[in-house]
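Protein chains: 2
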Amino acid sequence: MQAVALYPEGPDLRVVEKPKPVPADDEVLVRTLHVGIDGSDRRIVAGDIGGDPPDGDDHLVVGHEAVGVVEDPTGSSFERGDVVTPMVRRPKDPPSRFAENEELDMAPPGTFHECGITGAHGFMAEYFTVEPEYLVSVPDDRADYGFFVEPASIAEKALDQAFTARSGFDWRPESAFVLGNGNLGLLALARFSTGDEFDRTYCLGRRDRPDPTIEFVESVGGTYVDSRETELSEFPAVYEPADFVFETTGYPQHSIEAVSALGPNGIVTLQGIPGDSTFEVEGGGFHSDLVVNNKGVLGVVNSRRPHFEAAVEWLQAVPTSLLDGLVSGVYAVDGVEDALSDTDETIKTVVSFEK
Amino acid sequence: MQAVALYPEGPDLRVVEKPKPVPADDEVLVRTLHVGIDGSDRRIVAGDIGGDPPDGDDHLVVGHEAVGVVEDPTGSSFERGDVVTPMVRRPKDPPSRFAENEELDMAPPGTFHECGITGAHGFMAEYFTVEPEYLVSVPDDRADYGFFVEPASIAEKALDQAFTARSGFDWRPESAFVLGNGNLGLLALARFSTGDEFDRTYCLGRRDRPDPTIEFVESVGGTYVDSRETELSEFPAVYEPADFVFETTGYPQHSIEAVSALGPNGIVTLQGIPGDSTFEVEGGGFHSDLVVNNKGVLGVVNSRRPHFEAAVEWLQAVPTSLLDGLVSGVYAVDGVEDALSDTDETIKTVVSFEK
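Going down the list, the sequences are from chains C and G. Heads up: the first sequence begins at 1 in UniProt numbering, then just goes up one per residue. Heads up: the second sequence begins at 1 in UniProt numbering, then just goes up one per residue.
No wet-lab data here; the hints were simulated from the structure. Please note: incorrect hints may appear among the correct ones.
For each label pair, taking beta carbons as the anchor points, the in silico distance ranges come out as [claimed, not checked]: (1) D276(G) x E131(C): 47 to 55 Å; (2) S137(G) x D170(C): 19 to 27 Å; (3) D276(G) x K18(C): 40 to 48 Å; (4) N101(G) x K18(C): 57 to 65 Å; (5) T223(C) x G47(G): 25 to 33 Å; (6) D344(C) x G47(G): 51 to 59 Å.
In silico contact screen, one side only, chain C against chain G (beta carbon under 7 Å); selected entries [said to hold, decoys possible]: (7) M106; (8) P274; (9) T278; (10) V281; (11) V333.
Far from chain C, some chain G residues (derived; all Cβ distances over 10 Å) [stated by the list, open to error]: (12) F98; (13) H113; (14) R172; (15) T194; (16) F198; (17) G272; (18) D289.
For every residue, glycine included, the Cβ atom is placed at its ideal position computed from N, Cα and C.
Next comes chain C alone, as it looks inside the complex (with noise of 0.2 Å):
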């Protein structure tokens, strides 16, 4: 079969063949559909994070959102057809209490492996094998959309922060922020634009008209804010305080900055993970502003199967015409270099097996 690999020495990103693979006796075959591609695929190609290959292998798998159908269930509750999403961490032995949980989305770094990103082989193959517990099911309508549930699980877990995080009182937000016109971006700005929690949502950007990222805010009902034209720290005014920024940028200073663009009580949550930087900060500001306003600022990372079934509810709720929007480019697998490249007019990349 066809997989697409990275061979760490380079980097070097290769469309290999491999043997198909044989599931286990705990293991289900599943063939690929489409498989999405996001900027921590493109960080990992370039050799900037993760990027391991399993022990006793030479090149990693990648791809990590991804949609199959069960081609041989083996012993588990799965039908062959039937269509699923995997999720992407795996525990190291020994399994901590994280993994007995089905909570390695908070297990400390370090005791897990990541599919497609780090010591474990992704999803960019023409087959893979999971064991039951890591697949998510995705309604059959929505086949051709399910690389879309690994990402929206992002959101949906920084959703499930920030109100668990408020739960402990009468907490009315209004307002969504989301930092970053990526793919990411994009696609949280329209789970928060069509979902209950919000009234108004906002994305941050720096582009010029015409241009399809603004397009696509606007198409959901959001308001683009131009990051030349107003600072975070001026977004209250200008806008209105939001009660809740969603961070995408992976630009550092948003981490701080993210906190005054805030009204009272609300809760920032960051997604980026930027490399080293040192700059300087109003700091004594960003501090009593998170006091004497009870802000709060949660890193979020990864998810779980909660997350995952979210995601693939508010798939189902929303028309194929939105999920169209995001979607950019379609390539085959040996298109998988102008899939990972990286323009003014990329959203969301897909490779499909199905070309």
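Here the structure of chain C is known, so what remains is to put chain G in place on it, guided by the hints.
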């Protein structure tokens, strides 16, 4: 009656004679026993924060950590002789939903007064009147310690916020690290050391032995951490990653650096309110550490009835000798200037109307 009043011009603190207050139909008359002093009182008296008199007055009666005895319950359910402690915030008109929900601690700045801090008289007077919904009962045998309820309620609110934020998964904190060995830091350390939440506690200071604060830390089973020897980022390696960090220093670098003292899934609560301060930070590491480790930072200000009640419960559960260890001086009203002075021997000072 005697009262301690701040005249903002100057600022000038005076012991003045005021008429004994007459309770309105919806008010209780309380005879004051003791009033604790904390760092914000010192800042108010110095003219750094708050200090605004109530509308129409030229002075502010200070003091917000009080315990007293009901002298006239008027129509309330309290009885003459009941020991009580008042909460601090009062709604401005028109009352917000935070007032109606008894969640004034989460109300936006500008929508409330704070007794003894700004906009409403405090409790450092022989008598004060208060609506009964702002009074919390204190057991008779803790009458001489009831001034601890308000500051201890801040530690309770921080615990509440942290545990609520982590309630979505199986969080198992073991270690708590208090930043600062002032009176709030040591009180919180005592709370965390004697409660069920943590197995090990630490307290950051910058003092040489022999020192009364170090002695107190060790007397409750905590470990003293000298900030001159161990930076916060080194804390996990030298001691252990903290699951919970409670900041009381008001040192704005701590709002950033405290995150590096946490282990995975850890929470920092910030309580200090520094002024403006610009400095350099390793902000990329701050950002990515929050994300990859699912860490969080929560600002915490003020507290509400359940936190006061939890603080009362704790006060009852610990030996009075522990509480005595926190009191470095008890002064008569005429000694208020001494009570407000702050030396290396100062922990908690108290103005007592029983002296």
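- Item | Numbers of the earlier hints that this structure fails to satisfy, in rising order | Numbers 3, 5, 11, 12, 14, 17 and 18 - these are the hints that the structure violates, sorted from lowest upward.
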